[in-house]
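Sequences listed follow chains G and S, in order. According to our numbering, the first sequence holds residues 1 to 234 in order. According to our numbering, the second sequence holds residues 1 to 234 in order.
It is worth saying that the hints were derived from the structure and are not from the lab. Wrong hints could be hidden among the right ones.
What the hints assert, rightly or not - Below, a sample of chain G positions facing chain S; criterion: calculated Cβ distance under 10 Å:
hint, residue
1, Pro15
2, Leu17
3, Leu20
4, Gly22
5, Pro37
6, Phe102
7, Tyr104
8, Asn144
9, Pro151
10, Arg162
11, Gly175
12, Cys193
13, Phe221
Glycine included, every Cβ here is placed at the ideal spot set by N, Cα and C.
There are 2 protein chains.
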Amino acid sequence: MSGWIIGVGVGPGDPELLTLKGLRIIRQADVLAFPAPLEGPSFARSIVASHLDDTRIELPIRMPMQADRFPVQAVYDRAVTEIGAHLEAGRGVAVLCQGDPFLYGSFLYLFARLSADWPVEVVPGVSSLTACAAAAGSALAARNDVLSVMPAPLADGDLEARLSACDSAALVKVGRHFSRVRSLLLRLGLGDCARLVVHAGLPDERVLPLDGVDPGEVPYFSTILLHKRGRAWL
Amino acid sequence: MSGWIIGVGVGPGDPELLTLKGLRIIRQADVLAFPAPLEGPSFARSIVASHLDDTRIELPIRMPMQADRFPVQAVYDRAVTEIGAHLEAGRGVAVLCQGDPFLYGSFLYLFARLSADWPVEVVPGVSSLTACAAAAGSALAARNDVLSVMPAPLADGDLEARLSACDSAALVKVGRHFSRVRSLLLRLGLGDCARLVVHAGLPDERVLPLDGVDPGEVPYFSTILLHKRGRAWL
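Required output: the full structure, derived from the provided sequences and hints.
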C-alpha cells in the first residue's frame, strides 16, 4: 500500500458547494489535514463536517490567523514532517482547502514543499470568485472581457494601473482596506458599478453597494466585484 | 406551485466536478435546458448524463457552434419564450452551464432576458480556470499576485498591455489563435513560464510547453496559463 496526498478544494463555505470528487477523496482518506486557528474550530473542516465520522486521523495545521500577514513558514515545515510520516506509512492524506487550492490558497505552502518528494494531486473547487458572482447576480466576464483579480492590500497606484487594464475586476481580501479602496474606486468613477460581497453562499451572505458599507464591519474574506459596463455586460 | 429557474454550473467536464448542490437542483428540476449544437449531443448535458433518467422535460438550446462567433440572439429569444412557458406553468427549470455560469457563460444571454421577469438564481460551478491549474500543478495566484483572465482572440496590443499589468494570466478560448499568441508570448519573454492546457480534467487532458504544440491541433476550449515567476510563486 502506498501513500498518497491530494489537495481538495472544498469551496467557499456552503457545504453543498463541495464537489462529488472532493467528497469521494475525503471519504477515501485515512488522514485529513486542514488549516485551523491556534484555538478553536477550522473553517475548512466545518464545510465538510457533516460527511465526517471518527474513523480518520485529523491533522489540524494550527497557526495564528492574522489578516494580511503571510503565514509562519515553520508551521508548514512541521506540517510537512507530519504529513510525510503518514505518507511513508502508506496512508492517504486529503488536505482540505477553502475555495480552490491554487487560487490564493495556503495549500500552496504545503504543495511547494511536498511536491519535490511526492506526486501531489489537486481536486479543484468552487472559488470564492464564482460564488460572489452568483450571490451578486453579476457576470465576472462576458464575451471578450478581461477579468482581473487583485488583492485589496496592494497600494493605490498598483490597483489603479491594474484597474485601468481590465473590463471587470474582483478585489479580494478587502477587510481593513475597504475605506481606502472605496475612495480609490470613487475617484476613478468606478463606485457605482462596484459592490461588496461578504460571506458568499453562507447564511449571513450580504451584497452591498459601496456607500451602504460600514468600513469597521468588513471581514477579511470580503470581495468587491465591479464591471465597468455595470449590468450591461452583453 | 410556482415556477423557478436556476442556472447550474456543472464544471469543466469531469462529471465528478459537479457540486452536491448542482446535483440536487438537477434532480429537483422538472425541465432541463442546455446548450447544444445544431445536431448531436450537448457537452453540458453529457457531464451530468449519469444522473439523468427519462422523467424530465429536456430543452436543448440548439445553435451553430462557431468558434469565435458570438451566438445568434434569436436563438436565445426563442429559448426564453419556451422557458417562460414552463415557468408560467409552475415548473422548475435548471439550465446546465459548462464551467461557471457567470464566467464567459452563454447562460448570460438567458440571464439578461429572464431576470427582468423572474428571480433567476445561480449555483456556481468549478471553472475551467481552477481545473486547468489543477491539471498543470500550478498556482493561479499566490500571496498578493494579480491574476488576469483574458480571451486569446483579443488583438496583440491589447493582450500585451494586459499582460504587463499582472503577475499571472490565463488566456482562454485559444483555439486558432495559438500561433499568434505563442509568438507574442515569446517576444515578451513569457514563453518559458507558460503552458497550454487542453481538456482539463477529461481523459484526454494534456498540459504542454508551448514549443511542444502543433498549432493545427489546438481546440477552441484550450487555455494558456502563465505565471511570471515560473514555479517560484512563493
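Hints and how they fare:
1. Pro15: holds, 8 Å
2. Leu17: holds, 5 Å
3. Leu20: holds, 5 Å
4. Gly22: Hint on Gly22 of chain G: holds, closest Cβ of chain S at ~9 Å, below 10 Å.
5. Pro37: Hint violated; Pro37 of chain G Cβ to chain S Cβ min 20 Å, cut 10 Å.
6. Phe102: Phe102 of chain G check passes; min Cβ-Cβ to chain S is 4 Å, inside 10 Å.
7. Tyr104: holds, 5 Å
8. Asn144: Result: holds, 4 Å to nearest chain S Cβ.
9. Pro151: holds, 4 Å
10. Arg162: holds, 5 Å
11. Gly175: Violated. Min distance 13 Å.
12. Cys193: Given a least distance of 15 Å, the restraint on Cys193 of chain G is violated.
13. Phe221: violated, 15 Å
In terms of the numbered hints stated before, the structure departs from hints 5, 11, 12, 13, listed from lowest to highest.
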